[in-house]
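These protein sequence lines map, in sequence, to chains A and B.
Start counting the first sequence at 9; every next residue gets the next number (our numbering).
Start counting the second sequence at 2; every next residue gets the next number (our numbering).
Just so you know, nobody snuck in bad clues.
Simulated restraints, written as ranges between beta carbons of each label pair:
(1) B:D40 with A:S101: 54 to 64 Å
(2) A:Y143 with B:S219: 19 to 29 Å
(3) B:G236 with A:T145: 18 to 28 Å
(4) A:Q67 with B:K276: 18 to 28 Å
(5) B:S219 with A:L121: 17 to 27 Å
(6) B:T166 with A:Q67: 32 to 42 Å
Among the chain A residues that face chain B by a calculated CB cut under 8 Å, a handful are:
(7) G63
(8) T64
(9) D65
(10) F66
(11) Q67
(12) F88
(13) F89
(14) G90
(15) D92
(16) S94
(17) N95
(18) Q147
(19) P149
Listed below are the simulated EDC-like cross-link pairs for lysine to aspartate or glutamate, each with C-alpha atoms no more than 16 Å apart in a straight line:
(20) B:K173 with B:D270
(21) A:K115 with B:D278
(22) A:K115 with A:E60
(23) A:K107 with A:E53
(24) B:K290 with A:D65
(25) A:K84 with A:D120
Worth flagging that the hints you see were computed from the coordinates, not collected in a lab.
Values in this document were obtained by computation on a predicted structure and should not be read as measured data.
Ideal Cβ placement from N, Cα and C applies to all residues, glycine included.
Each chain, written out:
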Amino acid sequence: MLNHYTMKKYFSIAGLLLLAAFTWIACTKENPVDEDGLLITTRAECYVSNFELLGTDFQTVLTGAPQIDTTACTVKAKVFFGTDLSNLYPQFSLVTDAKLDPKITGKVNFSDLDHPKQYTVISGNRQVRKTYTVYITVQQP
Amino acid sequence: MPVKHLKYTWLLPAFLLMMAACKDDKYALPTAKDGLHNDCIKRTLGPNLVGQPIEFAYAMAILPSQGKIVSAQVEASIAGAPQTWLQNNSFYTNGSGDDVGIQVADPSVNEGAVTKVSFTKDTSAATLRYYYYIPEEVRGKTVRFTFNSKSSNGETVSYAMGPYTISKMDMKLDIPVKDAANCFISIADLAAYNSTDAAASPDKIDLVYLYRSIPNISFNHSLVSPGADKQYLPGVALPPNANRSTRISKVWNLQDFNLARLKYGVYIDDLDFEKLDISNAPNYAINMKEEAGAWVETADGKYRAYIFINKVNNGSKSAVISIKRYTLK
Numbered sequence: 009m010l011n012h013y014t015m016k017k018y019f020s021i022a023g024l025l026l027l028a029a030f031t032w033i034a035c036t037k038e039n040p041v042d043e044d045g046l047l048i049t050t051r052a053e054c055y056v057s058n059f060e061l062l063g064t065d066f067q068t069v070l071t072g073a074p075q076i077d078t079t080a081c082t083v084k085a086k087v088f089f090g091t092d093l094s095n096l097y098p099q100f101s102l103v104t105d106a107k108l109d110p111k112i113t114g115k116v117n118f119s120d121l122d123h124p125k126q127y128t129v130i131s132g133n134r135q136v137r138k139t140y141t142v143y144i145t146v147q148q149p
Numbered sequence: 002m003p004v005k006h007l008k009y010t011w012l013l014p015a016f017l018l019m020m021a022a023c024k025d026d027k028y029a030l031p032t033a034k035d036g037l038h039n040d041c042i043k044r045t046l047g048p049n050l051v052g053q054p055i056e057f058a059y060a061m062a063i064l065p066s067q068g069k070i071v072s073a074q075v076e077a078s079i080a081g082a083p084q085t086w087l088q089n090n091s092f093y094t095n096g097s098g099d100d101v102g103i104q105v106a107d108p109s110v111n112e113g114a115v116t117k118v119s120f121t122k123d124t125s126a127a128t129l130r131y132y133y134y135i136p137e138e139v140r141g142k143t144v145r146f147t148f149n150s151k152s153s154n155g156e157t158v159s160y161a162m163g164p165y166t167i168s169k170m171d172m173k174l175d176i177p178v179k180d181a182a183n184c185f186i187s188i189a190d191l192a193a194y195n196s197t198d199a200a201a202s203p204d205k206i207d208l209v210y211l212y213r214s215i216p217n218i219s220f221n222h223s224l225v226s227p228g229a230d231k232q233y234l235p236g237v238a239l240p241p242n243a244n245r246s247t248r249i250s251k252v253w254n255l256q257d258f259n260l261a262r263l264k265y266g267v268y269i270d271d272l273d274f275e276k277l278d279i280s281n282a283p284n285y286a287i288n289m290k291e292e293a294g295a296w297v298e299t300a301d302g303k304y305r306a307y308i309f310i311n312k313v314n315n316g317s318k319s320a321v322i323s324i325k326r327y328t329l330k
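Kindly generate the complete structure, drawing on both the sequences and the hints.
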């Protein structure tokens, strides 16, 4: 039969082992995050699913649905006549877990139509990168 | 009794305390305090604009056994415009929720900065509305008010309100504009001119209102500065020397309460104009809709304004606009 002191010793050892196990689990990177603090997943899909452009009044300036070519990596959008191209808010919808580079933090100047803006989509596993070019045309009478 | 059971005795007073705490007190009619009392609230919300009233509701009461109210007056730190008045009706709310006024005093009299009424009916409690019409000389300053009432037993009470800052803004409501008629808008004058009047002072024309129904594009109701590209002024004959390039930025969902007079409790104040930055905005705004608006900065940098579109009419090619304007220089 174990005496009181032996029991106490065994409990202490078991407790230390349990603590070590918890610490090890806590430190394991099962859910890695990228430099933006976003979850890195296993998804390799990498494309733009929708695109929107808003004016300074936060109303759409697009005359219709944009043409998104996921093979050629292009977005073609037509805006209303008279749209102020230098103050637009672009909005990209991406495949699950993907992210955009550069980030959109406010108004963007699209007025230089000869040098269309480019945005890179990065897949959920952060291994695939596809650069999309946004071509804007203005509705004409 | 074993001693160990004694440690549970604290539970008994705890239960008693909980029972007492849950017991509701019976309602009793409040007892009116002695003497003459008064209270006041400011009813007007939003910025205090020159030419517009600030409305207060001033309440006073005394026990009928102690006397009646004989007079009430308001003293403003700066005299109001001549339209300033203290209402001589006291109101109660009827069963339909409507405020019904009963005359209790003679019409108010303005003596300098003091507006007063003398009661003509035996009244022990009344709430009077006070409308201070903001005069030009208060623009950008602060104003305070002291409300006073007097009872027949010689008591007087007073209530101080303020200070209230008076806005630097100007406002002009419901300016009709019509394509090819009174379509030349001057922010400096807060007016819309026809071509003849505009030709007399072309340097004051900041925007042109026009309506066009052009196939394949949405032009419709637009505000375009005279200095804009000619493609945004199709068929417009500008007055000679009208060439100002006014910055204009379209806005949606900003139905300022003063301008729109709709249900939205949104107010544009001086601070909005002070912090506004439309330095890279274009000099035209195409396809404006009813209840839309636009921030504007004049070419000389003297004024910033917000133009609200109250109404549009495609058939008559016209619109009604209201403007709030802030002077920068």
